[in-house]
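Peer 1: Residues per chain are reported as follows:
Number of protein chains: 2
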Amino acid sequence: MLELSVSDQTNAFASRGSTGEVEEGLAFQPKFDADGLITCVVTDAKSGEPLMVAHMDAEALRKTIESGDAWYFSRSRKQLWRKGESSGHAQRVVELRVDCDQDALWLKVQQQGPGACHTGRRSCFYRALPLGKAGAALEFREEERVFDPGKVYDDK
Amino acid sequence: MLELSVSDQTNAFASRGSTGEVEEGLAFQPKFDADGLITCVVTDAKSGEPLMVAHMDAEALRKTIESGDAWYFSRSRKQLWRKGESSGHAQRVVELRVDCDQDALWLKVQQQGPGACHTGRRSCFYRALPLGKAGAALEFREEERVFDPGKVYDDK
Numbered sequence: 001m002l003e004l005s006v007s008d009q010t011n012a013f014a015s016r017g018s019t020g021e022v023e024e025g026l027a028f029q030p031k032f033d034a035d036g037l038i039t040c041v042v043t044d045a046k047s048g049e050p051l052m053v054a055h056m057d058a059e060a061l062r063k064t065i066e067s068g069d070a071w072y073f074s075r076s077r078k079q080l081w082r083k084g085e086s087s088g089h090a091q092r093v094v095e096l097r098v099d100c101d102q103d104a105l106w107l108k109v110q111q112q113g114p115g116a117c118h119t120g121r122r123s124c125f126y127r128a129l130p131l132g133k134a135g136a137a138l139e140f141r142e143e144e145r146v147f148d149p150g151k152v153y154d155d156k
Numbered sequence: 001m002l003e004l005s006v007s008d009q010t011n012a013f014a015s016r017g018s019t020g021e022v023e024e025g026l027a028f029q030p031k032f033d034a035d036g037l038i039t040c041v042v043t044d045a046k047s048g049e050p051l052m053v054a055h056m057d058a059e060a061l062r063k064t065i066e067s068g069d070a071w072y073f074s075r076s077r078k079q080l081w082r083k084g085e086s087s088g089h090a091q092r093v094v095e096l097r098v099d100c101d102q103d104a105l106w107l108k109v110q111q112q113g114p115g116a117c118h119t120g121r122r123s124c125f126y127r128a129l130p131l132g133k134a135g136a137a138l139e140f141r142e143e144e145r146v147f148d149p150g151k152v153y154d155d156k
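As given, the protein sequences belong to chains A and B, one line each in that order. When we follow the numbering used here, the leftmost residue of the first sequence carries the number 1, and every step to the right adds one. When we follow the numbering used here, the leftmost residue of the second sequence carries the number 1, and every step to the right adds one.
Honestly, I wouldn't trust all of these hints.
You can't tell identical chains apart in this list, so a pair holds if it fits in one copy or across any two.
[Unchecked claim] Restricting the straight-line Cα-Cα distance to at most 25 Å, the calculated cross-link-like pairs of lysine to any residue (SDA-like) are:
no. : residue 1 : residue 2
1   : Lys46     : Ser18
2   : Lys46     : Arg141
3   : Lys78     : Gly36
4   : Lys46     : Phe140
5   : Lys31     : Ser74
6   : Lys63     : Arg75
7   : Lys78     : Thr39
8   : Lys133    : Glu59
9   : Lys78     : Asp35
10  : Lys151    : Asp33
11  : Lys63     : Leu138
12  : Lys31     : Ala136
13  : Lys151    : Ala34
14  : Lys31     : Gly135
15  : Lys46     : Val94
16  : Lys133    : Phe147
17  : Lys31     : Asp103
18  : Lys31     : Leu138
By construction, these hints were calculated from the structure, which means they are not laboratory data.
Please build the complete structure, drawing on both the sequences and the hints.
Peer 2: Given below as structure tokens:
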């Protein structure tokens, strides 16, 4: 079954093949959603921990593959964005993986600068929700900022 | 600014507050997308590596929080799904984290059984795409299956 995706119209990535081809093949056939985006999990190559979840459109994916720098598409600002272009906190991609159905990417990155999160933390995942009870409050796991977002973003 | 989300109509999670409340507060205010889903990154509590990316609707999230077992919403089957209910490969949630803007979750899990992926691998991210050249072929990082999906899913 051939499945046409947004990517077919906007970029040079391969069209989607059969389930077997997508899951067991060697052809990269990324699946973009209705908005033309694919979800990216970004982990720190050193610590292994998740830093952020972001999205790429076909152009961001192409630029990332070509340059080895992480490019994303900002859903709030509706624009292509090289990670670090405002903050200086760029991400060099050490490895790019794709999941079984090729609708999610995993980027292992060397995070430049002190952190990845725009709030000033190393990781965006700085709070945890206790399990077992409804309505529990979040608990900070990383309260301290590793940089001052006001300074980092206002100086540019 | 108050932002009404799908969650307001379907569950007991808090409505979205201001950006400051969402990013720095202790109230859990998950943001579900237009389809009523939130993206989940699932990592292995032992190895730290990403196992899969899945989605939860409000009901799946509520059940996960209450039970400590990972529940998801299958976009292809359009149904609530307890991970492992067919395969036996359940996931016990060790920690549940939320990201800065509360539109993504990170689950650290104890994976039951040999693997998380329906193709028979430990992780769904078993292939990598080489960087630096357009049109490159995927490379397997984990080719061997750790279980036989035919047996695991057909016996149930």
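Peer 1: It remains to establish, for every hint, whether it holds in the given structure.
Peer 2: Evaluation of the provided hints:
| no. | hint | verdict |
| --- | --- | --- |
| 1 | Lys46 <-> Ser18 | neither (36 Å within a copy, 34 Å between copies) |
| 2 | Lys46 <-> Arg141 | both (19 Å within a copy, 19 Å between copies) |
| 3 | Lys78 <-> Gly36 | both (12 Å within a copy, 21 Å between copies) |
| 4 | Lys46 <-> Phe140 | both (22 Å within a copy, 22 Å between copies) |
| 5 | Lys31 <-> Ser74 | both (18 Å within a copy, 16 Å between copies) |
| 6 | Lys63 <-> Arg75 | within (17 Å within a copy, 29 Å between copies) |
| 7 | Lys78 <-> Thr39 | both (15 Å within a copy, 19 Å between copies) |
| 8 | Lys133 <-> Glu59 | between (43 Å within a copy, 14 Å between copies) |
| 9 | Lys78 <-> Asp35 | both (11 Å within a copy, 19 Å between copies) |
| 10 | Lys151 <-> Asp33 | neither (35 Å within a copy, 32 Å between copies) |
| 11 | Lys63 <-> Leu138 | between (37 Å within a copy, 17 Å between copies) |
| 12 | Lys31 <-> Ala136 | between (36 Å within a copy, 17 Å between copies) |
| 13 | Lys151 <-> Ala34 | neither (36 Å within a copy, 34 Å between copies) |
| 14 | Lys31 <-> Gly135 | between (36 Å within a copy, 15 Å between copies) |
| 15 | Lys46 <-> Val94 | both (10 Å within a copy, 22 Å between copies) |
| 16 | Lys133 <-> Phe147 | neither (34 Å within a copy, 35 Å between copies) |
| 17 | Lys31 <-> Asp103 | both (5 Å within a copy, 21 Å between copies) |
| 18 | Lys31 <-> Leu138 | between (34 Å within a copy, 15 Å between copies) |
In this structure, the hints that do not hold are numbers 1, 10, 13 and 16, in rising order.
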